[in-house]
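Protein chains in written order, with our numbering: chain A, 7 to 99; chain B, 248 to 363; chain C, 956 to 1093.
One should not assume that every hint holds.
Said to hold, decoys possible - Calculated pairs, DSS-like style, for lysine-lysine (alpha carbon to alpha carbon, straight line, at most 25 Å): (1) Lys1055(C) <-> Lys354(B); (2) Lys52(A) <-> Lys354(B); (3) Lys53(A) <-> Lys354(B); (4) Lys341(B) <-> Lys305(B); (5) Lys309(B) <-> Lys341(B); (6) Lys341(B) <-> Lys58(A).
Said to hold, decoys possible - Derived coverage of chain B by chain A (criterion: at least 3 residues anywhere in the stretch with Cβ under 8 Å from a Cβ of chain A; other residues may be distant): (7) 281-292; (8) 346-353.
Claimed, not checked - Which stretches of chain A does chain B cover? Using the computed rule of at least three CB atoms under 8 Å from a CB of chain B, they are: (9) 23-31; (10) 85-98.
Don't read these hints as lab results, they were simulated from the structure. Note that CB positions come from ideal geometry on N, CA and C, so glycine has one too.
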Amino acid sequence: MTAIHTLHILNKSPEHPRASRCLATVSPEDALLLTGNGVLLLSTQKKPVTHKVFVLSPDVDARGLGGMTGNAEAVGFAEMVSLSLQAQRVISW
Amino acid sequence: MSTLIMIDQPPYGAWTGREALDMAFSLAAFDQPATLLFAGAGVNWLRPSQEAGGVGQKSVEKNLSAAPIFGIEAILADRAACITYGLNESSLLKGVTLVDADAALLKDFDHTAFAG
Amino acid sequence: MADTASGTFTLVITGAPYASQAPQTALGFARAVVDAGHRIDRVFLYGDGVHLASVLCAPPSDETDWPEEWSRFLSEHSIPGVACIASALRRGLVNQAEQKRYELPAANLRAPFEIAGLGEWVEGRMKSTRTLYFHAGD
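For reference, chain A alone in the conformation it holds in the complex (with noise of 0.2 Å):
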């Protein structure tokens, strides 16, 4: 399991100001999880600076971006609640 300094949990859509405000200030050693409008990152051209980016499920379904997590991990709650005590500290934006 590799260490997790961060998790931020973004629930903004990409338009939203704090959306910006929370990628530039992820570091490749953070955890991006994204729910709610969070998850329609996804449909955008936009690259997290880390690699460890997830993505709620049901916010997923819910918006049909099912076919379009690409390198992010679809997660349920259970991971959720892990990646939240994995990481150092938890940034809810």
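Keeping the supplied structure of chain A fixed, place chains B and C upon it in accordance with the hints.
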């Protein structure tokens, strides 16, 4: 446990900024280290001479000036956002420190939170 | 750091039901916390999140009743739920004590939610391994 309370929404149009200030002041009241960071449109909270009576609200200028007395460790403002909104060191409220609100800054805090 | 470490959670909800996904995402997370054998120290409603504690919501029968789902979850697992007093009073969420104090025509706080100050949030954070916030998405 040091906490950074971030405010990125401007004053008067929404209440999250006030709610963030309440969070910071509560932490200070419990002797928990708290720092305020104004970023994005949130830097507009730091513009002096806000006369909010006409919109039925109170200006937070007094609260912010009193922040150090209440135990808030620092009031930070993102440099780039200040430039965007035409605020420079001399036009900001007193006691505000300009910073680059980046990953390095956030790493200094155990806990970063927004009010909404 | 092993991810099998156990933890205690404080959950803060600032998004209202029927205006955001915050209560839904938070409940999914909360259920998973309990299923994994961890503990939720408390759930704190702040800002617009206080609307989750209303006893007066009457959503259509084919929609999830979020206040009901949450109150049932909290009761089942004996998890304290607190609505921040400053947020609640402003938005018209009151218990009987506050109804009396302010001479209001009704009380509408849903059990098992209590009303208390931000000190509950400060304390929850200090006692918990992790504190997560569920904000509105817009």
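Now the hints, each set against the structure:
1. Lys1055(C) <-> Lys354(B): Answer violated: Lys1055(C) to Lys354(B) is near 46 Å, above 25 Å.
2. Lys52(A) <-> Lys354(B): holds (24 Å)
3. Lys53(A) <-> Lys354(B): holds (22 Å)
4. Lys341(B) <-> Lys305(B): holds (19 Å)
5. Lys309(B) <-> Lys341(B): Measuring from Cα to Cα gives roughly 11 Å; hence the hint holds.
6. Lys341(B) <-> Lys58(A): violated (41 Å)
7. 281-292: holds (count 3)
8. 346-353: holds (count 4)
9. 23-31: Coverage by chain B holds for the region 23-31 of chain A (5 residues, Cβ < 8 Å).
10. 85-98: holds (count 3)
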